[in-house]
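In the numbering used here, the protein residues as written are 18 to 136.
Honestly, the hints are just simulated from the structure, not real lab data. Be aware that a few hints might be false.
Claimed, not checked - Taking CB as the label site, the calculated pair distances span:
(1) Leu-120 x Leu-49: 17 to 23 Å
(2) Leu-106 x Asn-129: 30 to 36 Å
(3) Asp-131 x Ile-46: 38 to 44 Å
Idealized CB from N, CA, C, for every residue including glycine.
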Amino acid sequence: MSVEPSSPRSESARPRGLRGLLRGFITGIAGLAYGFIIWTAVFYAIRLSTGGMSGYGWLILLLPAAVAVVVFAIVLALTRRRSIGAFVLTLLTGLGLSAVFLLDTFGYVIRNLDALTGS
């Protein structure tokens, strides 16, 4: 009966644990950035609704928040087993897409504010 040393097993588990901690830290920081996009979209929706808002206006103003949540979930699902570099690049790409969508939506709202408020 041969006894295998436990040191190779613990050495192989150590990098996975460190990689998991790094992935969790990066996910947390990216989650804060995506959360900022969600917070901004909800803030402006509430701020602009003080004068009255139609249902279409609420949909347009809250759509960037929903898109940011969906993009973050898709990025996490797609990069679950990828390297840290691919994970970070995909998170940054999704963050950029969410931010551009938010700014495009705000531009649309500024140009069409009368139609969104029902005035």
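Now the hints, each set against the structure:
1. Taking the beta carbon of each, Leu-120 and Leu-49 are about 19 Å apart, inside 17 to 23 Å as hinted.
2. As the Cβ distance of Leu-106 to Asn-129 is approximately 35 Å, the hint placing it in 30 to 36 Å holds.
3. Separated by about 39 Å at the C-beta atoms, Asp-131 and Ile-46 satisfy the suggested range of 38 to 44 Å.
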